[in-house]
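**Student:** Could you build all of it, start to finish, from the sequences and the hints given here?
Each chain, written out:
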Amino acid sequence: MSQPVQAPVAPPGLRPDQVERRLRERFPDVPFRRQEGAAVRDHTLYLPADRLVEVCTFLRDDPALAFAMLMSVSGVDLLPSEPRFEVVYHLLSLTHNSRFVLKVQVPEAKPRVPSVSGLWPTANWHEREAYDFYGILFDGHPDLTRILLPDDWEGWPLRKDSPLGYTEVAFTHNTPGRTVPAPDLTELAPKKVKYRAH
Amino acid sequence: MLRPGAEGGLIVADQKVENPFRVLPAPPPGTPVAAPAAARGLGDPEQALREEVERGVLFTTAGGMINWAVNQSRANAIWPLGFGLACCAIEMMAIVGPRFDISRFGAEVFRASPRQADLMIVAGRVSIKMAPVVRQLYDQMPDPKWVISMGACASCGGVFNNYAIVQGVDKIVPVDVYVPGCPPRPEALIHGIMKLQEKILASPVEVGTLTFQPLKKKRKGVA
Amino acid sequence: MTLNMGPQHPSTHGVLRVVLELDGETVVKAKPIIGYLHTGMEKQAEYKTYTQSIPQTDRMDYLAPMSNNLALCLAAEKLVGIAAPARAQAIRVLLTELTRISAHCVWLGTHALDIGAMTVFFYCFREREKVLSIYDQVCGARMTASYFRVGGLSSDIPAGFLDRCQKFVDEMPAHTDEYEKLLSKNPIWLARTKGVASLSAKDAVALGATGPILRGSGVRWDLRKAQPYCDYDRYDFDVPVGSVGDAYDRYAVRVQEIRQSTRIAGQAIARIREMGEKGEYRLRDFKYVVPPKEEVKTSMEALIHHFKIVAHGFFPPVGEAYQAIEAPKGELGFYFVSDGTPRPWRMKVRSPSFVNLQALPSMIEGRLVADVITAIGSLDIVLGEIDR
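Protein chains in written order, with the working numbering: chain A, 1 to 198; chain B, 1 to 223; chain C, 1 to 388.
Think of the hints as simulated: they come from the structure by calculation, not from any bench. Possibly wrong hints are sitting among the right ones.
25 Å max Cα-Cα, derived SDA-like pairs, lysine to any residue [to be verified]: (1) K103(A) / L144(A); (2) K225(C) / R15(A); (3) K48(C) / N174(A); (4) K31(C) / E154(A); (5) K202(C) / L52(A); (6) K160(A) / P150(A); (7) K308(C) / A39(A); (8) K31(C) / D151(A); (9) K195(B) / D143(B); (10) K225(C) / H43(A).
All of these numbers come straight from a predicted model, not from anything done at the bench.
**Tutor:** Next comes the structure, spelled out in structure tokens:
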């Protein structure tokens, strides 16, 4: 029988719903939307791309929130849903020992998101990776070039319509005219080994 | 007239000398000479002499000798290129460590520069970005050079059959020995290096325009 | 002058390329170029079940394979909503701390080798071999372990395993003393690492550095204490923190971490002995976790569950989860997006070395070329993790 999952002991100070409340107070006009789902284990807010930098600046600089660390920026391809891409920001507050997740939805027709590398320099390579894998463009990024794939690679490998690139391995069952050679067992006969005391 | 024979031996005076022992000069007078073999109660004197000589003298062809000497030096002092790519590199470092000592085989000197290395152990997965670099390093190595493909990823792509990994480094460079494993145990890599040593000992040696073949030895089960 | 520290270099700890612009011996600008080991693991994970991705994680940070396994298993367990039993958690902690010791040993050996202290390399690899023998005993493989599973472990620990671990834990402090005796007060080591490759706390936080780099710069942050997983709050250990953020501080932090890991491992062994040398090692939730083999051979339901989970994979709920652990290199996080099928829709790995390497330019710009080697060494990067 499955044990009920114990929610990790919430550290004192800052809970994610308090963060959301503070954000909504500060930005009443921004249409935040909580991601629904029982199995969405981290408190996640959707926000529009054009307000991203403002909200992130507040999250980083407000002393009650102090999300000083950006842990990761991930792209997700939700083909065939529209909008196709999501960019997920995982934030960490050291002073309040709290995590928070922001998401920006990115349509395929115009895959542009403002860059947060001005706020958190660590976002530089994360955004390059999201660009490399999905083709999402980050406005204001100092050096948006491919990072993991060769510079002349064509295509966005992690998109759902890009192939895995699986190379068919030749076996006898899928290569016509190929037979298994009869094994010559004389070569495999055990050799008599003389052991010497060293 | 001396000219090289078909197997690298020397032929004296345009005809093969039947019994080379006849050309030995007579011993100077006064040299103590053993009593004739028949008087000593031994068998055929020529047979006895032959056995005596064979115990202490090695007969071979000059080319075989050169091949043996050169190949032994090459095999027992292979200097690998320090070329670890991924996880297999750690097992390659482990053979330098004290437990599996590669120094016993003369190969502990991992050269940093390909121009000074004999052996490229491709240890790890070769990604598409790294492939031209592997080829360039191989081209920079001077002859004679060998390549050991260490691990499943270098041999055939391994666990990773996708867009990013070259399915086998033999698509880029010619490989002499494949060492399977993920990663191969250090003992397996040492076994691969020993197999390479056997291969080196069995390979011909080129000196200028001459090619010296190895002495043929009957060996079971070795390619 | 532009100098290319190419992908093949004895001191770059893998296939890292750094393009340096030099003015004499001073580094004016440094640009790390990565991707020479890109393996497409995140794409490949979308074609494999969660359990099939566990061996892939071994090949990410290949110096600490069990840490990576742990991170994936914890993230998948968080997504599904299960937790491994306490005994399995204790065994996980034991093996993860041994992994940390082994990873730091390799780091110390190679870092010292780059700087010139060759003896330390041989000593550290000797210790590492003992940890690898322990791995070998428990799961059959020296390095690429894949021992943990979602819901627990793949098999129970063998007889004699705890005694062997205890022996290692008893011997390790003396070996750590040896390393310190060779390096900590060595004038050459001090000259090469004190004041070299400094990173201030503010920069470390802004650049997202975690692990010994963050702690070396003076920030008191360790996920095992702050956001404990695997019952880490039940273990008694200290977290070493540096002050200046130079290479020497990071070295000191890591050597102290070896000592603390030895301590935790000793406590873990005692806990496991309390709970029984043989016992529960996997959660008994057969919707997600494979039943024990003995039951599979006797019970029809267990057989069907086994078949479904092995042949098809378990079906997590539709949702997402991010779980991070304190790996030897820093914060290693796995972010799963699940669509309800046995294969994850997206697996994103937040690898510590990928982020830590971004700190390299700020550490070495304005410094001498020889310090580049020290900086790269003290960053403790693993290219398998950076390039995935």
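**Student:** Run every hint past the structure and note whether it holds.
**Tutor:** Here is what the structure says about each hint:
1. K103(A) / L144(A): Holds - the C-alpha atoms of L144(A) and K103(A) are around 20 Å apart, at most 25 Å.
2. K225(C) / R15(A): 18 Å, holds
3. K48(C) / N174(A): This hinted pair holds, its Cα atoms lying about 22 Å apart.
4. K31(C) / E154(A): Roughly 23 Å separates the two Cα atoms, so the pair holds.
5. K202(C) / L52(A): Cα-Cα ~23 Å, so holds.
6. K160(A) / P150(A): Holds. K160(A) to P150(A) sits at ~20 Å (cutoff 25 Å).
7. K308(C) / A39(A): 22 Å, holds
8. K31(C) / D151(A): 15 Å, holds
9. K195(B) / D143(B): 19 Å, holds
10. K225(C) / H43(A): Holds - the C-alpha atoms of H43(A) and K225(C) are around 22 Å apart, at most 25 Å.
Of the hints listed earlier, there is not a single one the structure fails to meet.
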